[in-house]
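K.L.:
The whole structure should be built from the sequences, with the hints applied where relevant.
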Amino acid sequence: MTLKIGYIGLGLMGKSIARNIMKAGFPLVVHNRSRAAVDELAAEGAAAAWSPAEVAAQVDVVFTNLPDSPDVEKVALGEKGIIEGAHPGLIFVDNSTIKPATARSIAARLAEAGVMSLDAPVSGGDIGARNGTLTIMVGGPAEALETVRPVFAAMGKTVTHIGEAGCGQIAKAANQIMVAAQMVAMGELLVFAQKAGADPVKVVEAIRGGAAQCWTLDVKPPRLFAGNRQPGFKAHMQAKDLNIIMETARQYGVSLPSTAVDSQLYNAMLQMGMENLDNSAVLGVLELLSNEKLKLPEA
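First residue of the sequence shown? That's 183 in this note's numbering, and the numbers climb one at a time after it.
In case anyone wonders, no lab produced these hints; they're calculated from the structure.
As a list, the in silico EDC-like pairs of lysine to aspartate or glutamate whose alpha-carbon atoms are at most 20 Å apart: (1) Lys205 with Glu222; (2) Lys377 with Glu387; (3) Lys186 with Asp242; (4) Lys384 with Glu480; (5) Lys205 with Asp242; (6) Lys384 with Glu469.
What follows is a list of derived Cβ distance ranges for each label pair: (7) Ala225 with Met454: 37 to 43 Å; (8) Trp397 with Glu294: 37 to 43 Å; (9) Glu480 with Ser216: 36 to 42 Å; (10) Lys186 with Lys475: 49 to 55 Å; (11) Met360 with Leu185: 29 to 35 Å.
Since the model is a prediction, treat every value here as computed from it, not as a measurement. Beta carbons are placed, not taken as given, at the ideal position from N, Cα and C, and that holds for glycine.
P.N.:
Written out as structure tokens, the structure is:
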């Protein structure tokens, strides 16, 4: 039997993920707060719904991909939420990045309604979402994961079961610690190289073949050198993720000094009006602090 899938939250990444699920042959029902993305996917063959409850009532697996913890809580448990469309065998999968504690509380509430839940945040950005090459980190029951695994195969190249409810979100938080550190370090090295008198293009070329090699240095510098600071992954979402990390760290008494500084830099981006730029545009804060604007290479 082919699973019928619902997808709620058709933003920068959600729409691409939903499209790949549909392209893989799964019947798809979609819902979004703004209707343009719904209409776009409906024109490609998806069915449109007007509430999360309406989506849940029609499908075997319902996904969400939403900005923050309160959004997921409202869509899952609120008025006309997924819980109101719950039925035996329904599986809830959340692709959002939210607090581990919220993922656990939602899973517990839905379990009371007979719904199994997977927190399954993703990494790989808009490129990974479009290409179906996301990394998927999963918390929740192994049996639910095995049911959903064919759908995950349409979305990503790596699926790892981390543990029980909330563990996928813990893994994503760990991922975002590293992502933020890389973005900030890249911004620092670009400003440092240029202000100290070296060509940052050549510096990146030299160092990304050695111990400094990472996804960030492979992917982001060409866009920055072309003057492109558009998302990608929006800075305000990176800031939100870092705030989740710091709150969770306080909850468990974990010291994260470097991440605390990174969080301050991303929150500064928001205050400077750069919230909708790419997370690599944290470079702009470092440019201001160093009074050194990255020069664009001559064509």
